[in-house]
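Enquirer: What follows is the residue order along each chain.
2 protein chains.
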Amino acid sequence: MNIVLLSGGSGKRLWPLSNDIRSKQFIKILKQKDGSYESMVQRVYRQIRSVNKDASVTIAASRAQVSSIRNQLGGSVGISVEPCRRDTFPAIVLVSAYLRDVQGVDSNEPVVVCPIDPFVEEDYFQMLKRLSDQAEKGEANLVLMGIAPTYPSEKYGYIIPEDAKEISRVLEFKEKPVKTAAEEYIRNGALWNGGVFAYRLGYVLEQAQKRIDFTDYHELFSKYETLEKISFDYAVAEQEDQIQVMRFAGQWKDLGTWNTLTEAMEENCVGKAILNDTCSNVHVVNETGLPILAMGLHDVVISASAEGILVSDKEQSSYIKPFVDGITQQVMFAEKSWGSFRVMDVEEESLTIKVTLNSGHRMNYHSHKNRDEVWTVISGRGYTIVDGMQQEVAPGDVITMEAGCRHTIVAWTELKLIEVQLGKEISADDKQKYPLE
Amino acid sequence: MNIVLLSGGSGKRLWPLSNDIRSKQFIKILKQKDGSYESMVQRVYRQIRSVNKDASVTIAASRAQVSSIRNQLGGSVGISVEPCRRDTFPAIVLVSAYLRDVQGVDSNEPVVVCPIDPFVEEDYFQMLKRLSDQAEKGEANLVLMGIAPTYPSEKYGYIIPEDAKEISRVLEFKEKPVKTAAEEYIRNGALWNGGVFAYRLGYVLEQAQKRIDFTDYHELFSKYETLEKISFDYAVAEQEDQIQVMRFAGQWKDLGTWNTLTEAMEENCVGKAILNDTCSNVHVVNETGLPILAMGLHDVVISASAEGILVSDKEQSSYIKPFVDGITQQVMFAEKSWGSFRVMDVEEESLTIKVTLNSGHRMNYHSHKNRDEVWTVISGRGYTIVDGMQQEVAPGDVITMEAGCRHTIVAWTELKLIEVQLGKEISADDKQKYPLE
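Chains A and B, in that order, give the protein sequences.
All the letters of the first sequence, read from the start, carry residue numbers 11 to 447 under the numbering used here.
All the letters of the second sequence, read from the start, carry residue numbers 11 to 447 under the numbering used here.
Read the hints as simulated data drawn from the structure, not as lab findings.
Every clue listed holds true.
Which chain A residues stay away from chain B? Per the calculated CB distances, all over 10 Å, these:
1) M11
2) Y47
3) E48
4) V67
5) E149
6) P159
7) V188
8) T190
9) S232
10) E276
11) M399
Computed, partial: chain B to chain A, Cβ under 10 Å:
12) V292
13) L303
14) E358
15) T362
Derived CB-CB ranges, DEER-like:
16) R73/B with A404/A: 37 to 43 Å
17) W422/B with D44/A: 52 to 58 Å
18) A413/B with D439/A: 36 to 42 Å
19) Q42/B with S350/A: 38 to 44 Å
20) Q57/A with K441/B: 52 to 58 Å
21) E358/A with G370/B: 20 to 26 Å
22) A413/B with V76/A: 39 to 45 Å
23) R391/A with I240/B: 55 to 61 Å
24) T338/B with D44/A: 24 to 30 Å
25) M399/A with Q401/B: 22 to 28 Å
Using N, Cα and C, we set each Cβ at its ideal position, and we do this for glycine too.
Okay, chain A solo, but in the shape it has when bound (with noise of 0.2 Å):
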C-alpha cells in the first residue's frame, strides 16, 4: 500500500507557532500517553505505522520542510520536494513520478493521497486501506473519501454521491456554500470532500500528459518552476467521470485554526503558565521560558513562541492572517536537519542566536562573506573544522571565524554553542557551503 501525505503551506492562522518556515503540522502539541508532546505529522506517522505497518510513506513536501520531517519522523520516510509551490495538482503528478521513477512502483499498484494534518483516530487510517483496495480494483478511477458531515460547514466543499449507499458514484463537486446551500447539500445527503483519494499510479500519469509535457520525475522536477498553478480537483477530479465516493463517519478534524487547535488540546497548557480559577475556557501554548499569568479571561488563546505573543478571543482568532502577513519579522527559531536555532538578540552589527547540534549530527561546511563569527560552546562534546583544521571541543572553547573562513562543528553528544555573528550586513542568504575537504 502507498499513501502520499501533502505537507501543505505555512499557515500564518496558527501564529505565532507557525510561520513562513514552520509549518504548523510541526508544532510539537498534541500530548500523548506518555506526557510527552507530538506534532500533527508524528501523530498521522504514527497511526499509519500502527494500522497499516507495510504501507509505504511517501511526503510530498516543500524544500524548506524537509529538515523538520528528518528531524521528527527519522530517515526511513520518503520525502518528495517540491522545487516551489505550485498547488496540488502538479504536487501530485511530481510525487506520482517520484513513486514510479525513484521509489519504482508499478503503474497498476493503487496510491492513497491524504493531507498530513487531519486530527483523526485509527478508524480513518484502516478507511485508507479501504480506499486503497477499491483503487485496486478499477471499478473506478478515482475513488474520493467523503466524510459524514457534522455541522452545515461554509469551510469544506461538498461531494454529491448518486446514493446512500457506502460506495457511490459521485454526481457533482460542490465549492464552499453559504450556510443555507450547506444545509440543502447535507439534507440530500452530501459529504465533506477533505481531500483524500486513491488512483492507480498509471491513472494520475496519463491524466498528466494532457497538461504537462514529460518524460520522467528529473525532467519534471527540473522544469516544475514553470508549470500552471492548478488545483488536483479541479484539473482531474471534476473532469472524471468514472469517480466514487466511499462515505467514511469517524473523526476528522481539521486543526486549521486555533479554535479547533485548542478543542483537541488534552489540556488548557501547553508550557509555563498559571490560569486564576476566574479563567474559563482559555487555552495557553507557551514555547518560551518565560511564565504566563492569566486572570479573568473568557473563551481566550494565548500563545508565545520566539516569533511573538497572540492573545486572541477564539472565535476573532479565525481572522488573524492580515494581521499576521502585516509583522514582517526576523526568522527567530528554526528546525535544521541537524538540530535547531534559536535567536537570542538582534542588534544594528551583530545578531546572536543559540545553536543546538543532535547528538551525531554536524552544520554544512560553510563560510560567509560578510561576516565574523564567534560560537562559544556551552555544553556537549565534538569536534569544529576551521579552514581544514580540525579541533576538539568542549564547554568553554571559544572559536572565532573571520568573514571567508570555511567552518563546521560536528556534535559527539548533544551539542549547543552561543554564536555571535558580526558584520554591517548580516544576512541568512550570505552562505557558501562546500563538501568537507
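Got chain A sorted already, so can you dock chain B onto it with the hints?
Expert: What follows is chain B alone, placed relative to chain A:
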C-alpha cells in the same frame, strides 16, 4: 525647602514589570511631550524641579534601588540608603538624621515627606511648599496633607478634621474602612491620608529618642537592622496632639495596580503591539522585542517583559500578588549604576547575558570563584582590565576569563557585549570585588 521622597518596596502588583529588584516607580511607562517615556520617579523629580527649583531633594531608598535612582536622576539628588527594610518610622528617622548629620540641615528647618510615586500635577508640589511653610510656623508639630476624596475608597486611611477650614486640627485617624464606613466618613468631611506631611527636623529626632537610643546618623545606620518595624502613623502621627491637616483637592492618583496605571497611560500601547478593531479598553505594555497581537479582547491588560507575560482582566489584576509570589524565577533584567543586563539563556551549567555599559561607566573590578566567563564585544569601544593587564576592545573582540581571574570593562562609548558564564554552580552571589590596582 527640604523634600524627602520615600521610595517604597518591590511592588509585585505590577508584575511582570516590577519584581523583587525593580520597583514600579522605576518603570518607564509615562509618555512625555517629546514622545519619550519617563518613570514615576523621573516624573515626580521633574515636577519638583519645575515648581520648587531650589528645593533640596533626598530620597530614602533601599540599597537595591540606588543604581536605578542614579541611572534615572543622575548624581545631584541625595540618597539616604536604608540598610534593610524596617517600615516608615525607622526610615523617616534615618533620613531625618541623615539630613541633620550628613547634610547639615538645621533642626528648626521644615521637612516635607511624601511618597515617590504619586501621579499628580504641579498644584500638588505647590501644596508641598505650603505644607512646609505651615510646619515652619510652629502652630503644630506635624502638618498633614489631606486629600479630598473622589470616591469611598477602601484602599486608603482617612483623616478626620475638626472643621471644614483649609487648615484644621486633626481629630482622629481611621484605618482603611469598608465602603459604607468610608461613605459615612466622607459625609462628615474626612480626607484621604496620602502619606504626605511636614515637620521641623528637630521634632522627629526628638520623637525618635522615645523609641530608639542613638546619638547620630552613623550609629543609627549601623544598628538599623535591629530596629522595630513600625509605621510613622502609628509611632508618631496618631500619638500627636499638636497636629494639623491641610486640604488638597487637586489630582492625586496612586498608580499601584494595573487598573490605575493603565488609566494614566496616554496611549493604549507601549512597545510593539497590534490591537484589532474588535478590542476595547485594552492596554499593552510590552518591554520585549516580540510583537504582540491582541484580537477581540475587552477590559484587558497585557504586559510582557523579560520576567514573564501577564494577560488579565483589569478588575482581576488587583488580585495578582499571591500568584506572582508563587512564581520563583531568576532575575531576568536589572538596571545597574553602570548600565543594565538581560538574561538571554539559562542552561544547567551556563548562563548567557547581554550587558550594556553606559558611556563613561565601568563594572566593579571583580572575580568569580566558581565560573569561567567569555565576553564577546558586539558594539562600542572601551578597554578591559584582566588580572591587571589593560587592553583596548572593539566589536568582535573576545575576552576569556577563568574562575579566580580579576576583571572589569570600561566603556568609552556605550558598549554592548555578550557574556557567557560557564560552571557547575553559577550564582549571582559568587562575586568578589577589588579596588582597581
